[in-house]
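Asks: Residue numbers (my numbering), protein chains in the order written: chain W, 4 to 138; chain X, 19 to 619.
Quick caveat, the hints were computed from the structure, so don't treat them as lab data. Treat the hints with care, as some may be off.
What the hints assert, rightly or not - Calculated cross-link-like contacts (lysine-lysine; reagent style DSS-like; alpha-carbon spacing at most 30 Å):
1) W:Lys114 with X:Lys465
2) X:Lys123 with W:Lys114
3) W:Lys6 with X:Lys123
4) W:Lys114 with X:Lys214
5) X:Lys465 with X:Lys214
Said to hold, decoys possible - On the chain X side, residues computed to face chain W include the following (Cβ under 8 Å):
6) Glu168
7) Gly279
8) Ser284
9) Leu414
10) Met416
11) Leu608
Glycine is no exception: its CB is placed at the ideal position from the N, C-alpha and C atoms.
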Amino acid sequence: MVKFLSQEWAEQAKKKVLTELDKAKDLKNMNATLLNVIQNIPPDNKTIYYYIKFTEGNLDELITGTDESLKQKQADFIVTGDYTTFIQINNGQMSSAMALLKNRVKMTGNKMKALTITKPIDTYNNCVKGVPTEY
Amino acid sequence: MELARAFAEKEVEPTEALRDIVNSCNMCGICDRQCYFVTQRRPTQAQQALQEYLNTLPPQALKPTPEDDIVKGLRAIVGDEYATNDPVIIASYQRSIIKQKSKGKYYIVMPKTTQEIVAIVNLANTHKIPYLPRGNGTFFGVALQTLLAEPATIEQGIIIDMWRMKDLEVDPESITATIGPGVTSFELQKAAHVHKLRANVAEAESCVIANAQNLGIVTTWSNTYGWGTDNFIDAEYIDSTGTIQHLSDKDIPNPYAAEQGLLSLSLIPSVIVTKLTLKLHQILPDEEAIFIPFNNLPDALDFAHELARRNIGVSLAVLSRKYLTEFISPTHEIAEDFNYIAEKYLNLNYIVDVICDSYSKKIVEDLAPVSFGKEMIKSLILGSSKLSSMKDSSLLKMIGEEEDPLKTVFAGPMRKHFEKGLASSPKELVKDMDKDLQDFFEKLYSKPEMTDPIWLHNYRILPCRMERKHMWMYRGGYMPGDKKTILKVVDALEQPAKQYGIEGAFGFLSYLERGKLCHLEYDYYYDHTDPDARHRVNKAIVESWRQQFAIKGVTPLEFICSKGLHRKEHIIYPLLPGLSKEELEHFEELIETLFGGEDTW
């Protein structure tokens with residue numbers, strides 16, 4: 004078991020995606036960068052940044068941390084929400100698209116482009132949820 | 019009713035709240051009268067069933083519900099009486115805001131003030147649980163039977179029932195009203211009428227604020243009064259951090275901007291509106307109702323659009339035969355006969371429904387091939403039962419054989435015979451109703467308001483009759499007001515209904531901005547207790563979205579949800595091009611991501 008959003012979790016998640024998902028079939032050769040801003044993490048309500056970068060369906064980067072410099076990373080999409088919501092997304096209780104619909108997360112970025120990556124991001128999330136995680 | 023069902027299906031164990039619920043009702047039967055008028059149902063039967071069920075239980079069977087920290091916190095805010103985690107009370111909210119058979123942990127709280135809601139939001143944030151405000155649950159009532167149930171609800175958390183927030187103040191000098199979120203359309207209209215003013219409101223039982231925030235208030239009066247922010251002056255609301263804000267605050271982010279397109283679907287409001295100041299409208303002393311019948315939609319659209327372009331009609335709409343017959347008939351059985359007669363013998367399939375001043379009335383009468391007014395409507399309402407009994411009569415057959423039955427009945431020499439044939443009294447009208455209710459309904463239908471089309475348009479007590487037979491799902495949307503687009507959209511809604519064996523019917527259409535834009539309501543009717551019918555209606559919904567999004571400038575109704583306080587200009591403009599083939603493929607993926615594969619819904 005690894006702690007959600009820890010370095011160990013990030014490493015295992017990246018490894019799992021790289022080994023289990025097909026760049027073309029599963030990740031549709033997507034080119035996208037996404038910064039998740041995860042707020043109100045207990046016990047002291049800190050914020051963790053969770054950044055992913057895909058090039059031609061390859062997961063180039065998966066970084067998590069509290070470092071403010073992560074916030075400065077160029078991202079096509081910035082998704083902001085509560086820790087409890089990201090737990091639900093990560094454990095498969097709610098898709099990220101449903102979280103958006105339910106106003107649990109806010110997203111900035113080109114909505115039409117977001118539409119093109121909805122499915123591969125969902126596939127990515129489904130893969131990552133397989134990492135044994137504690138919250 | 020939902021609670022009786024939950025007990026019958028053993029979804030919930032009895033608690034002490036069951037005794038309170040049973041004891042709170044003296045079986046006076048008033049709810050039977052109200053409910054029968056709209057839906058032909060008898061809720062006292064459910065109350066009777068609860069009473070009988072309670073009598074079978076030994077006293078020790080009624081367990082108290084243990085308090086937890088959250089309910090203690092809620093009770094500290096609103097008082098013990100107005101917050102609960104009792105599963106019996108929570109069960110009664112199923113299908114109106116909570117999904118049926120939901121396993122989530124819920125709380126119900128009924129605040130009285132804005133400050134109490136701030137405290138509730140803060141409590142929810144502290145405990146990291148979601149919350150959702152509830153008006154009268156009318157939108158949830160239909161959406162929760164479809165695949166929209168998931169995005170329209172919370173899976174656990176606090177239901178904030180706004181029913182106690184009944185503040186209502188009319189200012190006749192500024193011709194405005196300021197209301198709390200518990201005020202219904204009927205209550206607001208009644209208060210406005212005291213000052214000879216009119217509110218632009220939705221169906222009588224809906225809470226004005228919930229309706230305004232959710233759908234922007236869609237009415238036949240939009241021809242003059244507009245939609246969305248056209249109707250509102252200011253709103254007080256609480257954001258997700260528990261901060262009170264106002265639409266009129268200068269420092270807040272632009273509250274009128276809205277997302278467009280596929281990813282703009284959001285069925286849960288991002289803020290809780292706690293106060294709304296609305297525009298009211300002066301009622302002209304010479305307003306009259308005039309109806310122009312048509313046998314086909316294109317002709318009805320041409321006529322109504324011409325009026326809209328010329329700014330004629332305070333209220334202006336194209337109404338379907340289905341709506342007309344269902345609304346004015348006292349029972350669904352009579353409505354079905356009336357519908358059959360209107361289609362088969364009268365060729366009455368659409369009606370342009372206008373309320374205007376006496377000057378405009380003359381213009382409408384000049385332009386209309388055939389028209390009728392309040393006397394004929396009165397005859398149709400009071401004579402609907404009689405008309406139903408004339409089904410397949412020689413008189414109707416004779417009318418049906420005429421070259422233009424509409425002209426024959428409403429303008430020609432047979433008009434007098436038809437009216438005479440329909441001549442009826444409230445006593446005759448109610449003879450097909452349940453016997454014990456007939457006296458009440460005879461008195462009710464003797465009131466002039468019940469046959470006054472303007473009063474009925476103002477108070478909107480009839481529209482919910484459309485769900486007498488089956489559940490329905492509100493479809494349609496906003497689009498340019500040209501006939502070509504409208505007919506394409508009707509087809510985009512009709513074809514999927516046919517494809518999946520769902521009854522679909524045009525509801526009504528109202529114009530905005532002198533006919534440049536319009537709102538169309540088209541409905542899917544289905545038996546929501548039949549899993550296969552639910553499955554088919556969901557497929558029809560998804561397919562119709564796909565087809566609607568392929569048409570330029572169309573925003574399906576569901577994608578307007580939660581944007582009622584926005585400017586229509588931000589939602590509708592720029593007119594979006596129809597989605598390309600590639601974008602439609604992504605749309606399929608989005609649907610699958612949101613709702614799963616079609617076998618799951």
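Asks: Each hint should be assessed against the structure and marked as holding or not.
Replies: Evaluated hints:
no., hint, in the structure
1, W:Lys114 with X:Lys465, "violated (54 Å)"
2, X:Lys123 with W:Lys114, "violated (33 Å)"
3, W:Lys6 with X:Lys123, "holds (26 Å)"
4, W:Lys114 with X:Lys214, "violated (47 Å)"
5, X:Lys465 with X:Lys214, "holds (20 Å)"
6, Glu168, "holds (7 Å)"
7, Gly279, "holds (6 Å)"
8, Ser284, "holds (6 Å)"
9, Leu414, "violated (50 Å)"
10, Met416, "violated (56 Å)"
11, Leu608, "holds (5 Å)"
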